[in-house]
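Engineer: Residue numbers (full-length UniProt numbering), protein chains in the order written: chain S, 1 to 534; chain B, 1 to 246.
Hint data in this document are derived by calculation from the structure and do not stem from the laboratory.
Beta carbons: idealized from backbone N, C-alpha and C, even for Gly.
List of simulated lysine-lysine pairs, PhoX-like, C-alpha gap at most 25 Å:
#1 65(B) <-> 174(S)
#2 56(B) <-> 139(S)
#3 139(S) <-> 53(B)
#4 188(B) <-> 232(B)
#5 139(S) <-> 73(B)
#6 66(B) <-> 174(S)
#7 51(B) <-> 177(S)
#8 2(S) <-> 55(B)
#9 111(B) <-> 2(S)
#10 51(B) <-> 174(S)
#11 111(B) <-> 66(B)
#12 51(B) <-> 2(S)
Covered, in the sense of this in silico footprint (three residues per stretch, anywhere, with C-beta under 8 Å from a C-beta of chain S), are these stretches of chain B:
#13 45 to 53
#14 77 to 86
#15 114 to 121
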Amino acid sequence: MKSLHSAQFIVSQSIDSDAIFTLLQHEFSLYETGHTRLKCHYLDTFDWRMYRKNYVCSWYQTANKRAKNREGIFFIHEKETGNSICELPLSRVPGFSKDINHQAYRRMLDNILGIRALMTVAVLTVRRRQLIILDEEHKTLALLQLEQYTIDESADDDQPAGRLIVCPVRGYPKVFKRVVQLVTEQLKLPHSREALLDEVLAVTGKRPDTYKLTGFQELESSFSTWEAVRILLQHLFSVMQANEPGLREAIDTEFLHDYRVAVRRIRSILGQIKHVFPDKLLAYFKREFFWLGTVTTPTRDLDMYLLKFDGYIQALPDDLQQHLEMFRLFLQRHWKIEHARLCRALDSKRYQKLASEWQKILANADMPLQSEMSTGSQAQETCNAAEPVRIVARQRIWKLYKRILKEGGSITPQSHDEGLHELRKSCKKFRYLIEFFQDYYVGKSIKQLLKPLKQLQDNLGDFQDLCVQIEQLNGFAEQMQQEGLADTKTIMAMGVLVENLNKRKKALRAEFGRQFESFIQPEKKAVFVEALRV
Amino acid sequence: MKIVACYNVKGGIGKTAAAVNLAFLAAHEGARTLVWDLDPQGAASFYFRIKPKVKKGSKGLLTGKKALEEVVKGTDYPNLDLIPADFSYRNLDLQLDEVKKSNTRIQKLLKPLASEYDFIFLDCPPSISLVSENTLIAADAVVVPTIPTTLSLRTLDQIIEFCNKLNIDHTKISTFFSMTDSRKKLHKQIVENPPQHVRVLGTSIPYASDVERMGIYRQPVPVFAGNSRAAKAYRTLWEEIKSVLG
Ligand SMILES: Nc1ncnc2c1ncn2[C@@H]1O[C@H](COP(=O)(O)OP(=O)(O)OP(=O)(O)O)[C@@H](O)[C@H]1O
Ligand SMILES: [Mg+2]
Chain S
1 MKSLHSAQFI VSQSIDSDAI FTLLQHEFSL YETGHTRLKC HYLDTFDWRM
51 YRKNYVCSWY QTANKRAKNR EGIFFIHEKE TGNSICELPL SRVPGFSKDI
101 NHQAYRRMLD NILGIRALMT VAVLTVRRRQ LIILDEEHKT LALLQLEQYT
151 IDESADDDQP AGRLIVCPVR GYPKVFKRVV QLVTEQLKLP HSREALLDEV
201 LAVTGKRPDT YKLTGFQELE SSFSTWEAVR ILLQHLFSVM QANEPGLREA
251 IDTEFLHDYR VAVRRIRSIL GQIKHVFPDK LLAYFKREFF WLGTVTTPTR
301 DLDMYLLKFD GYIQALPDDL QQHLEMFRLF LQRHWKIEHA RLCRALDSKR
351 YQKLASEWQK ILANADMPLQ SEMSTGSQAQ ETCNAAEPVR IVARQRIWKL
401 YKRILKEGGS ITPQSHDEGL HELRKSCKKF RYLIEFFQDY YVGKSIKQLL
451 KPLKQLQDNL GDFQDLCVQI EQLNGFAEQM QQEGLADTKT IMAMGVLVEN
501 LNKRKKALRA EFGRQFESFI QPEKKAVFVE ALRV
Chain B
1 MKIVACYNVK GGIGKTAAAV NLAFLAAHEG ARTLVWDLDP QGAASFYFRI
51 KPKVKKGSKG LLTGKKALEE VVKGTDYPNL DLIPADFSYR NLDLQLDEVK
101 KSNTRIQKLL KPLASEYDFI FLDCPPSISL VSENTLIAAD AVVVPTIPTT
151 LSLRTLDQII EFCNKLNIDH TKISTFFSMT DSRKKLHKQI VENPPQHVRV
201 LGTSIPYASD VERMGIYRQP VPVFAGNSRA AKAYRTLWEE IKSVLG
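For reference, chain S alone in the conformation it holds in the complex:
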């Protein structure tokens, strides 16, 4: 079905439907509907995935509480052209792509949204009057919509301008052309240049680019270690804060994931960039961020199981598949408990204290305690704070690189899993530092190192996840029996699941050697040495 170009005009308050009616009635037979009031929910993911692909998602519902038909309609439009891509009846605001019944659109959304959920980014009240152009058989040839908008949270004088939208009907291009011509020439209405969503966002002050997990301002080469670390830590903390409401509401699993990544990165800086904080303060922050990592882990683990659940089921023999459903129930039940516990931790005094202490220290342009403290040993504790970050970071990165070579080199097919876990941690720290201080390398050659590093990390990360899952699954099975949730078949199904995971684990382990080799190639090392040249 071809999507057709509509024409949109900006309408000032003084133009009313009468003027348009008068203009068109000489040439066309018209039918005018009464006013309707609609609520339009603009939808996008937290990180604006639809918008970035140039799509506008919306859900319309009549705002008339007494209306008989309260069913909503879900739309996808092309942002630039306003062309409608999809128009589906939908009784409530969709969250995930799976909420869309239509196969083609579900796939399209799935490709764009992934595991992220749609959420309402703006709510608009639309007052619409329709003018339908009919032929002598009373068949619609074109549709005119005169719309006025109110954003509920905005002042009266700060609202998007009204619009006249001329919608063509396929197969009747002449009528459409003529209407557009009349409106342009006689009413002299200007074409709208911007998507309505952009106008709405401008009024509400929301910007589609405000959230980025990794993007932060450029670090200047003259920065001291404290100056750079402070920028990084401030950014990471703002990422935590930005994700907090979404993880509390559990809109999708990425909020908690990104929150945890930010916590891990903070911990990595605290641990890796030495002698910036006074010892006592450092110990406090390290302990508290470690705690934050711990309190978020159970929920995240359960998220992972639930995300992968359909895959688990599909990997089972047909006759066992249904028996895993009890396990899903068990996971969902425990998820609720763990998530509530996590929210309580975020409400705790302990968390509030951490947040305020953290903001207090980051408010300082210089590492303040240095001057306040007179004794030599305390000055020693923060001796790197005023040093050029270029040097301090590079030294640390180099050290980590050597550690990775050493740890990885000592791993043999026979050695214990523990060695791989240690290596995984070192790689993660290394990767974070490389990303944080990317402004300080010579040239772009560091990129060549990142690809094999990422692959190596994927291998190690997946391996680690499987180790944890296999262990946990055995524990879960026991727990389910205790809770009376598991019959023999369920336990059998979980047993097959563990077997499947074990197979994958073995495969990953076998793969490790090759991944590590490709990471430590001599020419890659040369590139790295060059990039870190002072």
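Put chain B with the ligands on the given structure of chain S with help from the hints.
Structural biologist: Just chain B with the ligands now, with coordinates in the frame of chain S:
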């Protein structure tokens, strides 16, 4: 894209009514839907208030490039388009006979529309002809309205025979009872003991004045009588057909 042909050798038994109402319901759910009114009488076009006229007639459609796309008309409903009937379709048989691979021509014509539509409904004229052969070959599902009378059941056998003769997989045929009147004993008997050698859908469309009124309102039944018995029957029929289509 799935092609649904509404077909029967017999006339006046609810083919067009089914095509129009089912297509409307499909579109209303959000599926991109097209109806091709293949009957020169143009009943489906009439229900959608679209002039039964196609530029360059059937000859143009059979010979032109991307010819179908150019004659598609939007209906008054979202997601629902129509290719109108044309008086020239009464010669479609002869014209098809003149082209190469004459019995797969309609299938070929519809192919370019595969990415544009989820469902294409063919409203066929009542006959056994090259046109019906074409639609039976092109269709993923052939929906055959049948009035529950002994005579109509024999027509059903005729259609199956016709398929067998042409080597068309007759399992794509689904029949449903149309214009049923529960007060008629024979209707009741046949509906309760449907034939076993062909797929008979569980939903019957009752004889209902709301279906006749489509001609007055010139709208699909769910538009002007959404809660009527007929509208409900078409809804469950559509659910069944969707599950047959898989
Ligand atoms: N279920 C029904 N109840 C009452 N009237 C019906 C019903 N179905 C169809 N009709 C009426 O019967 C007439 C024929 O219906 P329809 O046009 O759908 O049949 P058809 O098989 O397409 O006919 P044709 O072979 O002429 O194309 C129409 O006037 C229609 O309104
Ligand atoms: Mg008909």
